[in-house]
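> What follows is the residue order along each chain.
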Amino acid sequence: MARNKDRGTPEVNSGSMADIAFLLLIFFLVTTTIANDKGILMQLPPPPEEEIEIKLQERNIFKILANSNDQLLVENEPFGRPISELKEMVKDHILNFGKLSSTETIDLYNSLPGSLKSQVKQDPSSSDSPGDAIVSFKANRGTSYKLYIDVLDALHSAYNEIYAERIGITAEEFLQLDQSDDLQKRAYKQARAGIPKAISIAEPDK
Amino acid sequence: MSKFKKNSKASQEIPTAALPDIIFMLLFFFMVTTVMREQEILVKQILPKAEQLSKIQKKSLVSHIYIGEPKNIGIYGEEPKIQTNDVFVEPDELTLFVNQEKDKLSEAERDRITMALNIDSEVKMGIVSDVEQTLRKSNARKLLYKSLKSVKD
Chain S
1 MARNKDRGTP
11 EVNSGSMADI
21 AFLLLIFFLV
31 TTTIANDKGI
41 LMQLPPPPEE
51 EIEIKLQERN
61 IFKILANSND
71 QLLVENEPFG
81 RPISELKEMV
91 KDHILNFGKL
101 SSTETIDLYN
111 SLPGSLKSQV
121 KQDPSSSDSP
131 GDAIVSFKAN
141 RGTSYKLYID
151 VLDALHSAYN
161 EIYAERIGIT
171 AEEFLQLDQS
181 DDLQKRAYKQ
191 ARAGIPKAIS
201 IAEPDK
Chain P
1 MSKFKKNSKA
11 SQEIPTAALP
21 DIIFMLLFFF
31 MVTTVMREQE
41 ILVKQILPKA
51 EQLSKIQKKS
61 LVSHIYIGEP
71 KNIGIYGEEP
81 KIQTNDVFVE
91 PDELTLFVNQ
101 EKDKLSEAER
111 DRITMALNID
121 SEVKMGIVSD
131 VEQTLRKSNA
141 RKLLYKSLKS
151 VKD
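Sequences listed follow chains S and P, in order. Residue numbers for the first sequence follow my numbering, so the first one is 1 and each next one is one higher. Residue numbers for the second sequence follow my numbering, so the first one is 1 and each next one is one higher.
Calculated from the structure, these hints are not laboratory results. Note that beta-carbon positions come from the ideal geometry of N, C-alpha and C, so glycine has one too. A hint or two may mislead.
Stated by the list, open to error - Here are the computed distance ranges between Cβ atoms for each label pair:
| no. | chain 1 | residue 1 | chain 2 | residue 2 | range |
| --- | --- | --- | --- | --- | --- |
| 1 | S | Thr33 | P | Gly74 | 22 to 28 Å |
| 2 | P | Asn139 | S | Phe22 | 46 to 52 Å |
| 3 | P | Arg110 | S | Asn67 | 34 to 40 Å |
| 4 | S | Leu183 | P | Phe29 | 28 to 34 Å |
| 5 | P | Thr34 | S | Pro46 | 36 to 42 Å |
| 6 | P | Arg110 | S | Gly80 | 41 to 47 Å |
All chains, please: the whole structure from these sequences, using the hints.
Encoded structure:
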């Protein structure tokens with residue numbers, strides 16, 4: 001403290017400064033809503049012009065149906081188990097190599113790391129290769145939005161876990177890859193190469 | 001014991017001179033992070049929980065649509081409604097809203113508009129799909145289903 005000899009110290013009483021600051025702090029604490037701009041991203045298909053018939057092999061499509069009672073029908077069988085098991089089924093479907101015929105699929109298989117290779121099955125009745133696999137989800141107009149998000153979340157996590165494992169990171173880290181960073185974008189592209197995220201959301205039944 | 005007695009003579013006051021500074025620091029943090037609500041949300045909003053959340057890359061490209069049961073059931077009824085800005089709209093009126101939002105953006109960014117759907121978890125899929133179909137037709141095809149982070153057990 002500088003000593004003032006001739007005059008009395010012209011100090012502002014700052015004892016209550018903390019109280020004032022507290023008051024303001026509490027006001028902002030109460031009014032604050034930390035913005036959460038997070039969610040599941042999805043791209044809608046372009047508007048329908050003409051119905052195009054696309055021939056797809058039945059075995060490549062993994063079908064999930066939901067009815068208005070929030071019950072699921074997975075691959076034509078009622079599904080009464082927790083959603084986390086659905087994720088494993090979807091992963092099995094994507095990672096299935098039913099036909100190892102074309103060079104592309106063989107290259108894709110060879111590009112997979114060992115941890116994913118061990119999960120690969122060769123079931124001829126399931127999808128031909130990860131590049132061909134499609135997951136289709138169709139809800140009913142009476143299905144609850146919560147179930148819709150749960151299933152969508154499971155589908156995305158099945159894909160993201162495969163992508164993440166392919167470049168040796170966790171699914172959490174994969175989601176946080178920054179697209180504006182070149183190095184991270186390359187990792188992202190490398191993870192997704194050859195395995196498109198083919199999630200098809202059909203228009204709900206009336 | 002004698003050792004402690006000696007010490008007890010020393011001043012035991014905690015210096016509080018830096019307290020206002022600390023409080024100010026906290027205050028500035030909250031002032032900076034605070035986003036004042038621009039609009040009043042007229043529908044119930046309990047967002048669903050999910051794990052696979054992505055962050056929005058650019059916030060200026062996002063427009064919000066709220067769907068849920070109206071908070072004021074007496075006036076608006078119990079059926080879920082769609083809210084944009086401050087008014088309720090019908091699903092087919094959303095095209096207008098999309099165009100208004102697109103006009104706010106620069107030409108190059110118009111195609112990258114993201115519609116954030118804030119949908120209450122109790123809403124049925126019917127109204128959601130009506131909204132999706134309209135957005136699809138109005139060429140706002142990037143959707144973000146707003147949801148909260150669920151805790152893994």
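> Going back to the hint list, which numbers does this structure go against?
none
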